[in-house]
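One-letter residues, chain by chain:
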Amino acid sequence: DGGITQSPKYLFRKEGQNVTLSCEQNLNHDAMYWYRQDPGQGLRLIYYSQIVNDFQKGDIAEGYSVSREKKESFPLTVTSAQKNPTAFYLCASRDSSMNTEAFFGQGTRLTVV
Amino acid sequence: RKEVEQDPGPFNVPEGATVAFNCTYSNSASQSFFWYRQDCRKEPKLLMSVYSSGNEDGRFTAQLNRASQYISLLIRDSKLSDSATYLCVVNVGGFKTIFGAGTRLFVKA
Numbered sequence: 008d009g010g011i012t013q014s015p016k017y018l019f020r021k022e023g024q025n026v027t028l029s030c031e032q033n034l035n036h037d038a039m040y041w042y043r044q045d046p047g048q049g050l051r052l053i054y055y056s057q058i059v060n061d062f063q064k065g066d067i068a069e070g071y072s073v074s075r076e077k078k079e080s081f082p083l084t085v086t087s088a089q090k091n092p093t094a095f096y097l098c099a100s101r102d103s104s105m106n107t108e109a110f111f112g113q114g115t116r117l118t119v120v
Numbered sequence: 204r205k206e207v208e209q210d211p212g213p214f215n216v217p218e219g220a221t222v223a224f225n226c227t228y229s230n231s232a233s234q235s236f237f238w239y240r241q242d243c244r245k246e247p248k249l250l251m252s253v254y255s256s257g258n259e260d261g262r263f264t265a266q267l268n269r270a271s272q273y274i275s276l277l278i279r280d281s282k283l284s285d286s287a288t289y290l291c292v293v294n295v296g297g298f299k300t301i302f303g304a305g306t307r308l309f310v311k312a
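Going down the list, the protein sequences come from chains A and B.
Following our numbering, the numbering of the first sequence begins with 8 at its first residue and continues without gaps.
Following our numbering, the numbering of the second sequence begins with 204 at its first residue and continues without gaps.
Some hints could be false.
[Stated by the list, open to error] When the alpha-carbon atoms are kept at most 30 angstroms apart in a straight line, the in silico DSSO-like pairs for lysine-lysine are as follows: (1) B:Lys245 <-> A:Lys16; (2) B:Lys245 <-> A:Lys90; (3) B:Lys299 <-> A:Lys78; (4) B:Lys245 <-> A:Lys77; (5) B:Lys248 <-> A:Lys78; (6) B:Lys299 <-> A:Lys90; (7) A:Lys77 <-> B:Lys248; (8) A:Lys90 <-> B:Lys205; (9) A:Lys64 <-> B:Lys245.
[To be verified] Footprint (simulated), chain A over chain B, 3 or more residues, beta carbon under 8 angstroms: (10) 212-223; (11) 227-237; (12) 244-258; (13) 298-311.
[Said to hold, decoys possible] Here are some, though not all, of the chain A residues that point toward chain B, as calculated from beta-carbon distances under 10 angstroms: (14) Asp37; (15) Ala38; (16) Gln63; (17) Asp66; (18) Ser103; (19) Thr107; (20) Gly112; (21) Gln113; (22) Arg116.
What the hints contain is simulated information worked out from the structure, not anything from laboratory work.
Quick caveat, the model's predicted, so the values are computed rather than measured.
Note that CB positions come from ideal geometry on N, CA and C, so glycine has one too.
Whole structure, please, built from the sequences with the hints as guidance.
In structure tokens, the structure reads:
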């Protein structure tokens, strides 16, 4: 079945550690996205990528990094520079046409203790 | 000003009621528009696309007003299962996809 897979579903890390969240899609989509969601809040765009080896900062990129070495994969690293990393992280992808909707993975809940 | 703005609610309505949500966007070059539904602690899922001519899917009707830069969602005959957060989504130029903060709906028996 085609879809987007995020792993792990739950992640606990100590403060000051970098952590990488995985996102893989087999939908052959060009564009991929990372969003952050805090309790009771909407989705805020962290980074997005239109094509392999290219990505752009979203509204809250500070403290995060990404790579896009393969079309299928768009991992997100939450660095120690991110002051408040505990959140629900959602990865999405969509086709290159402007009129297509985004599809989401099931999300990763990151808790930093 | 946020690129996409929604009334956060919550909207508390009885079963069978009609409820409407609005969403405004700031970028006049925005290309396409959607409504998503998000249940608690789950990922958002597409509810419906929004077309310039307006479109309907069962009890749900979406409208787009490009001149005033807003989209709307109307839910008729509300069901308990409609309780969720409804997210307005805009594809702006260059593959950027922006979500509104969402409007929470509670339908009560």
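So which hints don't hold here, by number, going up? Of the numbered hints given earlier, the structure breaks just one, which is hint 10.
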